[in-house]
Amino acid sequence: DSGVTQTPKHLITATGQRVTLRCSPRSGDLSVYWYQQSLDQGLQFLIQYYNGEERAKGNILERFSAQQFPDLHSELNLSSLELGDSALYFCASSPGLADNNEQFFGPGTRLTVL
Amino acid sequence: AQTVTQSQPEMSVQEAETVTLSCTYDTSESDYYLFWYKQPPSRQMILVIRQEAYKQQNATENRFSVNFQKAAKSFSLKISDSQLGDAAMYFCAYRSRKGAGNMLTFGGGTRLMVKP
Chain A
3 DSGVTQTPKH
13 LITATGQRVT
23 LRCSPRSGDL
33 SVYWYQQSLD
43 QGLQFLIQYY
53 NGEERAKGNI
63 LERFSAQQFP
73 DLHSELNLSS
83 LELGDSALYF
93 CASSPGLADN
103 NEQFFGPGTR
113 LTVL
Chain B
-13 AQTVTQSQPE
-3 MSVQEAETVT
7 LSCTYDTSES
17 DYYLFWYKQP
27 PSRQMILVIR
37 QEAYKQQNAT
47 ENRFSVNFQK
57 AAKSFSLKIS
67 DSQLGDAAMY
77 FCAYRSRKGA
87 GNMLTFGGGT
97 RLMVKP
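The listed protein sequences derive, respectively, from chains A and B.
Sequential numbering from 3 applies to the first sequence in my numbering.
Sequential numbering from -13 applies to the second sequence in my numbering.
Treat the hints with caution; some may be incorrect.
In silico SDA-like links for lysine to any residue, alpha-carbon gap of 25 Å or less [to be verified]:
| id | chain 1 | residue 1 | chain 2 | residue 2 |
| --- | --- | --- | --- | --- |
| 1 | A | 59 | B | 13 |
| 2 | A | 11 | B | 27 |
| 3 | B | 64 | B | -1 |
| 4 | B | 59 | B | 6 |
| 5 | A | 11 | B | 33 |
| 6 | B | 101 | B | 59 |
| 7 | B | 84 | A | 11 |
| 8 | B | 59 | A | 43 |
One side of the interface only, derived from the structure: several residues of chain A facing chain B at Cβ under 7 Å [what the hints assert, rightly or not]:
| id | residue |
| --- | --- |
| 9 | 44 |
| 10 | 45 |
| 11 | 50 |
| 12 | 57 |
| 13 | 71 |
| 14 | 98 |
| 15 | 101 |
| 16 | 107 |
| 17 | 109 |
| 18 | 110 |
Derived from the structure by calculation, the hints contain no laboratory data.
Ideal Cβ placement from N, Cα and C applies to all residues, glycine included.
With the rest of the complex left out, here is chain A (with noise of 0.2 Å):
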């Protein structure tokens, strides 16, 4: 158990819907990153907040945005969904910036779109 928790282990909806996804991080931790795991574009980042604040961007769609809330869990949300964004969407989490920090991984999201 890596400390990191995410909120539903498994979600199915349909196209044109929208979802959250939620995150704690460790406790102590103030880094938050978004990963996607698909079969099409394998690991990938999409987002990493640090105490709040939006610190890096990878390839997230405009149709995804994240935050980071004073309590330091953070929420992705999906709308519009298409079938090509069902994936595992994981979430990790590091104590700050420090380049030395490890990321720990929560057991992820699995989103399905119908």
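Once you've looked at the hints, dock chain B against the given chain A.
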């Protein structure tokens, strides 16, 4: 942008034998981190080993060791005395020491099967 390539989609090893998984990467940077992550059927991402590019000595963690060839931009993972529990997807990953973020760039993965 950095890219990471794992040329072996699948590998197989006999229990108790040794196997080496390959990884190459492309970067113009001189200082960075490299990682191997394991993803078992549970889908949890588990850090196996990491290497700092400025360190010449290859990293070792129990039965896991790496062969880091900086000039060749190669970073292979050797698993000794393979166990059934080593069966998993293995991902090689790169992390820059430059820029605002600490994101990981992953390779496509190698599925390792361990035969009893």
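So, going through the hints one by one against the coordinates:
no. : hint            : verdict
1   : A:59 with B:13  : holds (19 Å)
2   : A:11 with B:27  : holds (15 Å)
3   : B:64 with B:-1  : holds (12 Å)
4   : B:59 with B:6   : holds (16 Å)
5   : A:11 with B:33  : holds (21 Å)
6   : B:101 with B:59 : violated (31 Å)
7   : B:84 with A:11  : violated (34 Å)
8   : B:59 with A:43  : holds (23 Å)
9   : 44              : holds (5 Å)
10  : 45              : holds (4 Å)
11  : 50              : holds (5 Å)
12  : 57              : holds (5 Å)
13  : 71              : violated (20 Å)
14  : 98              : violated (9 Å)
15  : 101             : holds (5 Å)
16  : 107             : holds (4 Å)
17  : 109             : holds (6 Å)
18  : 110             : holds (5 Å)
Violated hints, listed in ascending order, are 6, 7, 13 and 14; each of the other numbered hints is respected by the structure.
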